[in-house]
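K.L.:
Protein chains in written order, with my numbering: chain A, 1 to 231; chain B, 1001 to 1270.
Bear in mind the hints are in silico, worked out from the structure with no lab data behind them. Careful, some of the hints might be misleading.
What the hints assert, rightly or not - For lysine-lysine, the following DSS-like pairs were computed, each having C-alpha atoms within a straight-line distance of at most 25 Å:
1) B:K1156 x B:K1209
2) B:K1081 x B:K1140
3) B:K1227 x B:K1156
4) A:K16 x B:K1180
5) B:K1140 x B:K1180
6) B:K1058 x B:K1209
7) A:K16 x B:K1178
8) B:K1180 x A:K82
9) A:K40 x A:K120
Predicted model only: the values in this text are computed from it and were never measured.
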Amino acid sequence: MGLTDSDIDAIWLTLKLAFTVTLILMVIGTPIAIWLARTKSWLRGPINALVALPLVLPPTVLGFYLLIAMGPNGPVGQLTEKLGLGLLPFTFWGLVIASLFYSLPFVVQPIQNAVEAIGKKPLEAAATLNSSPLDTFFHVVIPLAKPGFISAAILGFAHTVGEFGIVLMIGGNIPMETKVASIQIYDHVEALEYSGAHRLSAVMLGFSFIALLLLYSFQKRGLASKFRIGG
Amino acid sequence: MKLTLPFYGIFLLIAFGLQSCDFVSTQREASSATKKMAQTSPMRARVAVASNFINPMKELIAAFEKQTSYQIVVSYSASGKLYAQIINGAPFHVFLSADQAKPSAIVENNIGTNSNRFTYAIGQLVLWSANSQLIDNSPKVLEQLNFRKIALANPKFAPYGQAAVDVLEKLDLMAKSKPKWVMGESISQAFQFTASGNADLGFISFSQKPNHGSYWAIPESLYTPIKQDVILLDNGKENIAAVAFFEYLKSNEAKNIIQSHHYKVARKAN
Chain A
1 MGLTDSDIDA
11 IWLTLKLAFT
21 VTLILMVIGT
31 PIAIWLARTK
41 SWLRGPINAL
51 VALPLVLPPT
61 VLGFYLLIAM
71 GPNGPVGQLT
81 EKLGLGLLPF
91 TFWGLVIASL
101 FYSLPFVVQP
111 IQNAVEAIGK
121 KPLEAAATLN
131 SSPLDTFFHV
141 VIPLAKPGFI
151 SAAILGFAHT
161 VGEFGIVLMI
171 GGNIPMETKV
181 ASIQIYDHVE
191 ALEYSGAHRL
201 SAVMLGFSFI
211 ALLLLYSFQK
221 RGLASKFRIG
231 G
Chain B
1001 MKLTLPFYGI
1011 FLLIAFGLQS
1021 CDFVSTQREA
1031 SSATKKMAQT
1041 SPMRARVAVA
1051 SNFINPMKEL
1061 IAAFEKQTSY
1071 QIVVSYSASG
1081 KLYAQIINGA
1091 PFHVFLSADQ
1101 AKPSAIVENN
1111 IGTNSNRFTY
1121 AIGQLVLWSA
1131 NSQLIDNSPK
1141 VLEQLNFRKI
1151 ALANPKFAPY
1161 GQAAVDVLEK
1171 LDLMAKSKPK
1181 WVMGESISQA
1191 FQFTASGNAD
1201 LGFISFSQKP
1211 NHGSYWAIPE
1221 SLYTPIKQDV
1231 ILLDNGKENI
1241 AAVAFFEYLK
1251 SNEAKNIIQS
1261 HHYKVARKAN
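My request is simple: use the sequences and hints to build the entire structure.
P.N.:
Right, dumping it as structure tokens:
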């Protein structure tokens, strides 16, 4: 009845990937989100659109471009070769980079919405009290937008766990390196091992439900009820 | 900085995407035939085909449709996926698998019979590289492990992947080569990994091999023959177009076409 060793490996790798990606995205997504929430620049529209692109693009488009760009004839591939890093497709870090693109909107948009919901007033009040921008960020923005940050982390994590199409295209199915849980399920199905597919699928279903349950319970308790994804 | 970075990235991707159109054109194109509305008409047969057989299939359909008034609506995919669709009620009439296991399983599921089944092609495996210097029509490159990544179809379910594993086992290179494996979900994806240069070389179907690059025509003694069976599904027994196409595959004309794509065929009915 239990999961096989390679199922466990796949789950472990999936968690490692999702954790790494979420951590990096929280660091690079936060300044982008705050900038998008506050700016009046004409670039707001284009950057918003770029960030949201992975929501509407088929993963095959992203996977295809990444495979070409990171390949030996692609600009990214030539750069990584020059830096002595080798080629990124079929490696864990290749998947990390692909997932950064793929999960970006799921991290940026909740933070952006939460920061927009705070409005100008608390920040202006902080400024009149001589608070530095960094102080304001840590003592005003983070506490007030906390549910947004939590939503962002949960969604970024869960969405990376659910990634399939891009990994299929650039992963190469290497155990402990690129063979994540969704690929393992696909393998089970292709090999007509339907009971193995059922077991791992049930784990994924349970995980996704719990992640979303957490998300919605945080949102209920949070200040702003306006967090939405996709706009 | 943080503004220009995403922009730059996307432009790079798009610019490069346009540049590499020649790669795009080697990708399999979805058959326009599948887009025709597949209504059930006895004049029109729905055929599911393993992805390694795309090139000969296109030619077979063209020749068949020229001499009959029937139409073939074709779907290409990995055999495992097609099989799963068929046993779950997909409305195909004929199934050209990449192996014998799936047609056998179809018989066990009582949606086809052994009397309506035969080997239409025997696949041949080659080791190919897009780099014209890498392979000198011998296994030397494998023995010297003179590469970073080697692509093969997933041996767990793809017959061409199993054949590749047979070869590596015969050469006693399994353990040494395994860290360098990248596995495609089908032989087509193994080819795509190799053609894009992301894998230095790969085990592919002879019928897919482009004229450029370098290759090793692997002796058949090194792997179990890749017998590919076709089965007329019970669903298609009443469809005259399906029956006609199934019979056409046994004709000498069809066998010549299949052979011209580097498959072997049995000249006597088996």
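K.L.:
Next, verify each hint and record whether it holds.
P.N.:
Quick rundown of the hints versus the structure:
1. B:K1156 x B:K1209: Given that 25 Å is the threshold and the Cα spacing comes to 23 Å, the pair holds.
2. B:K1081 x B:K1140: violated (35 Å)
3. B:K1227 x B:K1156: At roughly 17 Å apart (the allowed maximum being 25 Å), K1156 (chain B) and K1227 (chain B) satisfy the hint.
4. A:K16 x B:K1180: Holds: K16 (chain A) and K1180 (chain B) sit about 22 Å apart, inside 25 Å.
5. B:K1140 x B:K1180: holds (16 Å)
6. B:K1058 x B:K1209: Measuring from Cα to Cα gives roughly 16 Å; hence the hint holds.
7. A:K16 x B:K1178: Distance ~23 Å between K16 (chain A) and K1178 (chain B) Cα, so the pair holds.
8. B:K1180 x A:K82: holds (21 Å)
9. A:K40 x A:K120: holds (13 Å)
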